[in-house]
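Participant: Sequence:
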Amino acid sequence: MSNPIGRETIETMPDEWQLSLVTEESTAQTPTDQTVGVSNLYNRICELESGSRINDAFVTLGDESIPNGYLQRFGFTTELGYSYDAIIGIPVINQRTDIPILQTSAWFTSSHGHNEHTLRSFVAEGVPYIFVGPEGSFRTKSKQKPEEAITLASSAAAVLSFSRYIAEGEERFIDKHKRTLIGESRGAMVGMGILAMDAMFDQDVIFADLTAPCFPRGFEAKDILKLSGHLISEPTSLLKLAGRIGLSRLVHYPSTIDPHPKGLASQIAIGPALFSGEAGDLARLINYDKIIHITCFNDDFASMPDEWDKIFKEFPNVRITPLDGSHLTIADPETLNYIHARNRSLHFDICVNGTDNLNGQHIFNRAHKLLT
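Here the numbering used here is used: the first residue of the sequence shown is 1185, the next is one more, and so on.
Derived from the structure by calculation, the hints contain no laboratory data. We put the beta carbon where it would ideally sit given N, CA and C, even for glycine. The reader is advised that the hints may include incorrect statements.
[Claimed, not checked] Under the rule of at most 20 Å between Cα atoms (straight-line distance), these lysine to any residue pairs were calculated in the SDA-like manner:
id: 1; residue 1: 1360; residue 2: 1384
id: 2; residue 1: 1325; residue 2: 1241
id: 3; residue 1: 1446; residue 2: 1324
id: 4; residue 1: 1329; residue 2: 1237
id: 5; residue 1: 1362; residue 2: 1471
id: 6; residue 1: 1553; residue 2: 1540
id: 7; residue 1: 1406; residue 2: 1485
id: 8; residue 1: 1325; residue 2: 1460
id: 9; residue 1: 1362; residue 2: 1348
id: 10; residue 1: 1325; residue 2: 1443
id: 11; residue 1: 1494; residue 2: 1544
id: 12; residue 1: 1329; residue 2: 1231
id: 13; residue 1: 1325; residue 2: 1446
id: 14; residue 1: 1494; residue 2: 1545
id: 15; residue 1: 1446; residue 2: 1297
id: 16; residue 1: 1494; residue 2: 1460
id: 17; residue 1: 1553; residue 2: 1505
id: 18; residue 1: 1406; residue 2: 1460
id: 19; residue 1: 1362; residue 2: 1276
id: 20; residue 1: 1406; residue 2: 1326
id: 21; residue 1: 1494; residue 2: 1461
id: 22; residue 1: 1329; residue 2: 1235
id: 23; residue 1: 1325; residue 2: 1239
id: 24; residue 1: 1446; residue 2: 1456
id: 25; residue 1: 1325; residue 2: 1245
id: 26; residue 1: 1360; residue 2: 1279
id: 27; residue 1: 1329; residue 2: 1265
id: 28; residue 1: 1494; residue 2: 1473
id: 29; residue 1: 1494; residue 2: 1459
id: 30; residue 1: 1494; residue 2: 1471
[Said to hold, decoys possible] Derived CB-CB ranges, DEER-like:
id: 31; residue 1: 1323; residue 2: 1553; range: 42 to 50 Å
id: 32; residue 1: 1402; residue 2: 1332; range: 15 to 23 Å
id: 33; residue 1: 1407; residue 2: 1227; range: 42 to 50 Å
Make the full structure from the sequences, and use the hints.
Facilitator: Here you go:
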């Protein structure tokens, strides 16, 4: 290995990482398609941690008072050379918990519009929130181009690095280690990396709510026909969605898409990682005891619920729920209502059992009752 992992780092890894590490005796074996991405992450974990560190180009972009607290906007650049915008939401009145929600964006979306609406809705309920935009979402004056390609693992590392950085300065409102996680589409795929690597960044994601994570395996030629068939249904879904969102929210939704050339270029650069199957590789590294809810939509081929089921079938606290709709149903208000219900159920369980004795199935079942 050109960049071997130090023994100290290995000892801090989750047990399943240590058991799966490629030893010197086994390096002569040819890795299969199923293990290439995984072993590559093992080799690069130290690089991911150092590359995601926030350099001196950290900028506070503004503060905003909101009814239940305040928002702060930031821009930062990692040592790897990628820049991100970010928002944190801090509830000051009626704070329900100090365990923040982490989130990063879906493909081709920004920190505004739909994503900011989600953030504000949770802050209004007393939950602190940390949102990190995609690569290229913060415009810097530097013309230096990152030398490494964007991966889901490096995106996950950037989110965890920022979360750790913010927690050190907001200890009154944010737990230093405990986290919950929300993710949609790309955000859910990056979420697999966050769940796999949280311990390496001195954090613990105690609950994850992931919506429409895509391509747990690599995209294949045979997928083109199925994917195109589902894409045809998206315009109809968009019209239905516009009616459900309502005019008061719809007028703010164009800002969900970042039209800036730098942002669009970065989004295109993210594409290969999304279609590579890396999300599935990362999912195979997740601790067996993690509590995860995954929502997939019946008319969204890219979500591949059967593939996720293969990966998580032995996990006692993972539930995969199929719902009617297409990929754009992510933005349906009803989808957000489900996420809120599961979050409320989680915090009820925390009040009863603490964070170390949570039961995923109880949380999921109670959330269902809250909505019926």
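Participant: Each hint needs a verdict: does it hold in this structure or not?
Facilitator: Structure-based check of all given hints:
{"no.": "1", "hint": "1360 <-> 1384", "verdict": "14 Å, holds"}
{"no.": "2", "hint": "1325 <-> 1241", "verdict": "10 Å, holds"}
{"no.": "3", "hint": "1446 <-> 1324", "verdict": "10 Å, holds"}
{"no.": "4", "hint": "1329 <-> 1237", "verdict": "17 Å, holds"}
{"no.": "5", "hint": "1362 <-> 1471", "verdict": "15 Å, holds"}
{"no.": "6", "hint": "1553 <-> 1540", "verdict": "24 Å, violated"}
{"no.": "7", "hint": "1406 <-> 1485", "verdict": "12 Å, holds"}
{"no.": "8", "hint": "1325 <-> 1460", "verdict": "31 Å, violated"}
{"no.": "9", "hint": "1362 <-> 1348", "verdict": "10 Å, holds"}
{"no.": "10", "hint": "1325 <-> 1443", "verdict": "18 Å, holds"}
{"no.": "11", "hint": "1494 <-> 1544", "verdict": "19 Å, holds"}
{"no.": "12", "hint": "1329 <-> 1231", "verdict": "18 Å, holds"}
{"no.": "13", "hint": "1325 <-> 1446", "verdict": "12 Å, holds"}
{"no.": "14", "hint": "1494 <-> 1545", "verdict": "19 Å, holds"}
{"no.": "15", "hint": "1446 <-> 1297", "verdict": "19 Å, holds"}
{"no.": "16", "hint": "1494 <-> 1460", "verdict": "18 Å, holds"}
{"no.": "17", "hint": "1553 <-> 1505", "verdict": "15 Å, holds"}
{"no.": "18", "hint": "1406 <-> 1460", "verdict": "15 Å, holds"}
{"no.": "19", "hint": "1362 <-> 1276", "verdict": "19 Å, holds"}
{"no.": "20", "hint": "1406 <-> 1326", "verdict": "42 Å, violated"}
{"no.": "21", "hint": "1494 <-> 1461", "verdict": "14 Å, holds"}
{"no.": "22", "hint": "1329 <-> 1235", "verdict": "14 Å, holds"}
{"no.": "23", "hint": "1325 <-> 1239", "verdict": "15 Å, holds"}
{"no.": "24", "hint": "1446 <-> 1456", "verdict": "17 Å, holds"}
{"no.": "25", "hint": "1325 <-> 1245", "verdict": "15 Å, holds"}
{"no.": "26", "hint": "1360 <-> 1279", "verdict": "16 Å, holds"}
{"no.": "27", "hint": "1329 <-> 1265", "verdict": "7 Å, holds"}
{"no.": "28", "hint": "1494 <-> 1473", "verdict": "16 Å, holds"}
{"no.": "29", "hint": "1494 <-> 1459", "verdict": "18 Å, holds"}
{"no.": "30", "hint": "1494 <-> 1471", "verdict": "16 Å, holds"}
{"no.": "31", "hint": "1323 <-> 1553: 42 to 50 Å", "verdict": "46 Å, holds"}
{"no.": "32", "hint": "1402 <-> 1332: 15 to 23 Å", "verdict": "20 Å, holds"}
{"no.": "33", "hint": "1407 <-> 1227: 42 to 50 Å", "verdict": "29 Å, violated"}
Checked against the numbered hints given earlier, the structure breaks hints 6, 8, 20 and 33 and satisfies all the rest.
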